[in-house]
Amino acid sequence: MNMNICVCIKQVPDTNRIKIDPVTNTLVRKGVPSIINPFDTYAVEMAAKLKEEYGGKVVVISMGPPQASKALKVCLSVGADEAYLISDRAFGGSDTLATGYILAGAIKKIEELEDLKFDLIFCGKQAIDGDTAQVGPQIAEQLGLAQATYALDVSCTNDHTIVKREVDGGYDTVLVQTPAVVTVVHTDQMPRYATYSTRSEAKKKQVHVLSSAELSELDLAQCGLSGSPTRVVNTYTPSVQKLGIMIEGSSTTELVDKLVGILDDKRLL
Amino acid sequence: MMNTDIWIYIETENGKALNVGYELINAARPIAAQKNSKIVALVVGKNILKAAQDAIGYGADSAIILDADEYASYSTDAYAEAITYLINKYDPETMMFGATTNGRDMAPRIACRVSTGLTADCTDIGIDEASGCVRWTRPTFGGNLMADIICPERRPQMGTVRPGVFRKAEFDPTRKGNIIDETANIHIDPEHIRTKLLEHVDVVAEAVNLEDADVIVAGGRGIGSVDNIHLLEELADVTGGTVACSRPVAEAGWMNHNRQVGQSGKTVSPSVYFAIGISGAVQHTAGMQGSGTIIAINSDPEAPIFDIADYGIVGDLNAIVPALTKKLKERKL
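Line by line, the protein sequences are chains A and B.
In terms of the numbering used here, the first sequence is residues 1 to 269.
In terms of the numbering used here, the second sequence is residues 1 to 333.
Hints are supplied without guarantee of correctness; some may be wrong.
[Said to hold, decoys possible] Chain B is nowhere near these chain A residues, computed Cβ spacing over 10 Å in every case:
| hint | residue |
| --- | --- |
| 1 | 64 |
| 2 | 66 |
| 3 | 167 |
| 4 | 212 |
| 5 | 214 |
[Stated by the list, open to error] Some chain A residues close to chain B (C-beta under 10 Å, calculated; not the full set):
| hint | residue |
| --- | --- |
| 6 | 1 |
| 7 | 101 |
| 8 | 128 |
| 9 | 133 |
| 10 | 235 |
| 11 | 249 |
Since the hints were made in silico from the structure, they are not lab data.
The C-beta atom is built at its ideal place from N, Cα and C for all residues, glycine as well.
Assemble the whole structure, with the sequences as input and the hints as a guide.
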């Protein structure tokens, strides 16, 4: 049994290291490193594991600017066999609906180019910059495939995939008809590291680039801004109106007495 | 006349409604009032008539139900097909889902099928004055940035909204509303359901309802070890509060993930929030800054939590928290 898996990844700014400029109150993106969306690294690891177990091919794809090919290169050194960058100015400004449309079109094209059919399409459960968790299900819808979101573990039988899903308060075990789209939360083990030899193997490989010219079956009216039904009308840093009173005192008793006094005065408890 | 209905999806589990659906009914009321819209509760499941009746009591004008075996356990395929059918039949102007696991699983699928815009995981909703559209507000970039999003042209305009951000209305048993049963009008071909639930396992022994807590006592990495959790529990006992935590505490395994507050946990808005040994990373504050009064106790005077606190105490929580608990206990007597 062979498992051909496509993994969709995104290069994102490390949101843990984003700071707010205290003067302009805007996001400081300068100097913030680009990383592979952490959930996507788990998806790549899950795909690499399945390949080891069942055989097959792992193709990693990303939609983004040319520099995103760096992230794809990294994936080539941790288990991916082929990498495709989907990049075109016409794709810029896409919301999740347009992104799902473009990625689904690219996946169909890659099946043609690689002469294979994907059994599974993996995405991270969400990207840490947008946090929408919508692109995976929308790829599934565009391709007319079953979906299983929030996966913790995936195993396979002949024509089915068994997915352990993280749900509120526990987990579900779900039988899913393949081909299917699976979005990944995490895996039991940390994603593998590249070694010297996997890295030099990856260096020899090329990241294939697909633009709107190669993806000629895409309707450009459904891509980018024109294909995006949502509009961002305003962005701002979260503002909080708080009293900001520091309670001062020389002893624990004094501090606590003052706090309880305030709680009582304001009838807070 | 153009349809201005606002649909609220009422998620159910074993026939029982989750709170978030009722919260969204209440959240939609100011929009409905301004746009002269009707609020319609959409309830899909098995034995869900009571959940629909209750939706009226919580403020919906009417309800549409699908009550059949094929909806007894959630599946993306059955739910997406059924709800798409109803959207196409009734053409609502707006549709909201709770941003739960299932809500965020099906809403993108449905939005894609009807080719409309969907805004994920909103923490506020209102009206965009310029366009008259629903203004969907959501945190992005890990909670560092807020974005207002509209869907100007396509309908329905759709969004998923976080549980616990809004409060449900007082239940009014005298409210009346029509309940339309659509069950007989759509059947899902079993072949269309491509997933099958084999097993559900509850990992969590106890149910925790942070979203409805009036007082929350939350601990962060500063509590130092699992052995100090009792300090939080004792303060929660005396204040009638519920214990919660920040991400590092959940990740260290000191508390269960279902008590985690923040961007990757729950969003809460209690009247009083004690932040104890919590530094105040945006990751955490994104989930609690809507609290009524925030009281921060931290040994680091530079901790960002003090920037969003109403009252702050710099000091050793191991001394202050037990003293506070003791004082409150004495006062009660």
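Right, here's what the structure says about each hint:
1. Its beta-carbon lying about 16 Å from the closest one in chain B, residue 64 of chain A satisfies the requirement of being farther than 10 Å from that chain.
2. No Cβ of chain B comes within 10 Å of the Cβ of residue 66 of chain A; the nearest lies about 22 Å off, and the non-interface call holds.
3. Here residue 167 of chain A does not stay apart from chain B, with its beta-carbon only about 5 Å from theirs, under the 10 Å limit.
4. Every Cβ of chain B is farther than 10 Å from the Cβ of residue 212 of chain A; the closest lies at roughly 20 Å, confirming the non-interface assignment.
5. Non-interface status of residue 214 of chain A relative to chain B is upheld: no Cβ of that chain comes within 10 Å, the nearest being about 24 Å off.
6. The closest approach between the C-beta of residue 1 of chain A and any C-beta of chain B is roughly 19 Å, which is over the 10 Å cut-off, so the hint fails.
7. Taken as an interface hint, residue 101 of chain A checks out: its beta carbon lies about 8 Å from the nearest beta carbon of chain B, inside 10 Å.
8. With 10 Å as the threshold, the beta carbon of residue 128 of chain A comes within range of chain B, its nearest partner Cβ sitting at about 6 Å, so the hint holds.
9. Look at residue 133 of chain A: its Cβ gets to within about 5 Å of chain B, closer than 10 Å, so that hint holds up.
10. At its closest, the beta carbon of residue 235 of chain A sits 5 Å from a beta carbon of chain B; the interface hint therefore holds under the 10 Å criterion.
11. Interface hint status for residue 249 of chain A: upheld, as the beta-carbon distance to the closest one in chain B is roughly 8 Å, under 10 Å.
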